[in-house]
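Going line by line, the protein sequences match chains B and S. Here the first sequence stands for residues 538 to 829, where the numbers follow our numbering. Here the second sequence stands for residues 422 to 1059, where the numbers follow our numbering.
Certain hints may be false.
[Claimed, not checked] To give a feel for the contact side, a few chain B residues facing chain S, derived at Cβ under 8 Å:
1. L567
2. Q568
3. N569
4. Q571
5. I634
6. G682
7. A685
8. I734
9. T778
10. L782
11. G800
12. D805
It should be emphasised that the hints constitute simulated quantities derived from the structure, not laboratory data. C-beta atoms are modelled at their ideal positions from N, C-alpha and C, and glycine is treated no differently.
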Amino acid sequence: MNFLVVINILFALIFAPLFDGFERKVKARLQNRQGPSIFQTWWDLIKLFKRPPVIPSDSIKRLYILAPYITFTAVLTAYLIVPTLLPQSLNFAGDFILVIYLISLATLIFSLGAFSSGNPYAQLGSNREVSLLMSEELVLAFVVGILALIGRSLSFEILFPLPLKVSSILGLALLFVVIYVSSARIPFDIPEAEPEIIEGPLIEYSGKHLALLEYSIYLKRFLLYSLFLNFILPKETTIRTGGFLLGLIVLSIVYSSLEAYYGRFRLDQAIKLMKKLSAVALVAWLIALMGW
Amino acid sequence: MADLILLVPAGILIATLLLGLAGKGRTSLYLSNILSAISSLSICYVAFLGFKKSLELKFQIYSSSSIVSSLNWLILRVDSLSAFFLLILGVLGFCASLYGIKYMEHYLNKGNVKAYNFNYPIFLLTMYLVLISWDLLWFIIFWELMSFFSQFLVAFERSNEKAIKAAFKYFYMTKAGAEFLVLTIVAVTLKVTNFNANYSEIARLLPLYLQSNPSTLYFLTFALLIGFGVKAAMIPLHSWLPDAHPEAPSNVSALLSGAMIKLPIYMLFRFFLTFFPKDTSIGLIIAFFGAITLFFSIMYALLQDDSKRLLAFSSIDNIGYILLPFGAGLYLIAIGNEFLGAVALIASLYHTINHAFFKGLLFLTAGSVAYETGSRDLNYLGGLAKQMPLTAFTALIGSLSIAGMPPLNGFVSKWLIYVSTLSTPATSLFGIIALFISAVTLAAFVKYFTTIFTRPPLEEIKAKEVPFLMWSSQMLLALLCILFGVYPFLPLKLTSSALNSVGVQIELAKLTIFPSIVVPKTGSFSPIIIFAFLLIATAILVLLIPTRGKEMSTWSCGSKEKLNARIPSNAYYMDFKEEFSEVYKLGDSSKALMEKALKFGRKLGLRFEVLSYNLDSMLFGAMLLIVLLVILLGGVSL
């Protein structure tokens, strides 16, 4: 059973960049461009992996160098718990809470690495990153609370799939937004914001280190997609696999169209939005409390 | 008699404080710290024995049949619950004393070393005695002594006016809180136990009495929550802590924050689990105050620009994280969900010991930074990880643990909190708040760590790594943080045995299925697997993808000069703070309200003083007070 988790992880490792390539294509078509081939993200990654990294002289070297590696593995660890292609996972290794904390561990280590690069733009970007993480967590905490009330559990064994209720639909809708916000897309790519702060936390990273960080962003997006789909899909293997692949494509198209449509928010606008959403989440929580 | 071991730490500490009176030079400073460290080790040993079987000593001090007859016997007793807290005191006392050997040298010319030599051991001694006394009247005596002597440690830098003020505030507030405890104890001994304040006797008589007198139960709960709430710095009774903790020398701050504010938690466990019948609404009230405490304190921690003040606010935050599952546990047990309730109580105790470790560690690192640079100003500090790599490493471990990052110890206790609260409707909202605040805690400690250690300094700061004795005690605490995170089965065993001694039975076999901690049907998590995977995967990655690279100057948008800019500490999370300005407005307005109340109280006091010049009106006033007291004591159940 457990070795199937390896297949899940390999699937994610191979397909996460491919889905990014696919999204680039979708965005290009929406903007009347031809767009690169869907393998382009992979070619970019491979090229970066071949390049030697440069280390800035003002940086705190050990932390700066280790951060991309730990960020990458923190996201990868979450794949032990969230199933992707096959429904198998190491349920005893963790639950919903652990997945959330692993994702914030990745964000935290990423921004610590950027903070230690010594570049002021990286500091600005990381500061935004952590601010955004806090406001995301406000809604995410409610989502976890709602889902935990529906299933009376935090274990994915019980939570996958959710029963059809008003509260579970509302909870998933909120999760849908949170996933969008935390996957560093326009209009919420405020920490990176190329035109203002020149890729923010990524500014000093180059070569192999940059490749690792970009790769972990793709993996994180893919992880969140899988998490979302798992809440919906039934457990029977054959329907699930087809549904999963279809769901991934649909999510990719929806998310990338949203991305093509918007301009970037300012940080305070994003935080305000999350605050408003948390009021919605409170209502949804009350509905879940009623048991509807 | 093996139980005489209880006297060993007390004996060493008394010898230490007598020796401390003798000298005021470097040697006496070394001596008092080393002896304190040794006595802390003996406290650890006592705790170790206490987990195996309870130790008891009885002394007849004198025999009288008056109202204080309960003081005739001094009963010292260590059961698993007190052993658990003794362990915290012992470990933290050892690290703080070891650290103090070198750290206090710093104060040789500045402070009154004699005051430290005398008050530091006595502070440890009174904390030890509070934990081992088995009688409420003796408890309150030691408790008051503890508040009394620790204020001198807060006011250690006498030239500093802020320190003196903070010490006064601390003493007055805790003293006022202690009056509520006195009231409780008098009420209990007078009305229920017939002048007997022995814990076992109270545990036998009080629950039955309170079951038939619910109004007394609520009155006592109210008094206890105020009395212990002040000492534990529960919001809204917290305001002494952010002033007092930063002013003390750092090793004392570590003890104040790590050990002293845990003693009220210890007493809350005693009272609410053994002396009181379980009541749903009391549990929810405590959990509610826990949630408020953690929410407001951490929002204020984001505002701080003083390293130790930030840590002090986060101490209040962690008291919230301890009170919340404690209240939730009481509630869950009262509604009959014994297992989940016990898990919540375990979470509370687990977080208590975790907080002692990481907050002790963080206060020590703040102290090390102040020792080298002489500054606690986050706006000024920066880039110290280059000069002080070991301190930076330990501070990183402490920050990650307090932010609850897996696989460190903070995560385990927070996980237990969420698992026990989130799936029950009544406590769900508390769990949600705790989960959100955990992210804000993370942000606060990103600020703490990055402003001091990683962000480049504005001007060159001269510093070097602190002496061995200082960083080794930090390292010890950091290792404990890692150990308790990766291998939580040991602390789970300790906490469950501590809970057994106060009558909460928990089957540990149901909770720990190696290599996971499992709460059946609710959640599971395996620290060992997560740690191993993180470690091995990172190691493989580092081997596969070489880390080496060319070193080049930091990119400065193409210009030759350095950008020489950085975010100041007060600009961290500016937008977030602005969006949540309502929280701060609420906090500030309540502060203004409190100040008004204070002014009114002062006026009233003045009026009373003027009144008391006149003998007749003084007598009348005193009588009125006594009547009030009698009504309170006797009339609650009317």
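Evaluated hints:
no., hint, result
1, L567, "violated (30 Å)"
2, Q568, "violated (29 Å)"
3, N569, "violated (33 Å)"
4, Q571, "violated (32 Å)"
5, I634, "holds (5 Å)"
6, G682, "holds (4 Å)"
7, A685, "holds (4 Å)"
8, I734, "violated (11 Å)"
9, T778, "violated (25 Å)"
10, L782, "violated (26 Å)"
11, G800, "violated (18 Å)"
12, D805, "holds (4 Å)"
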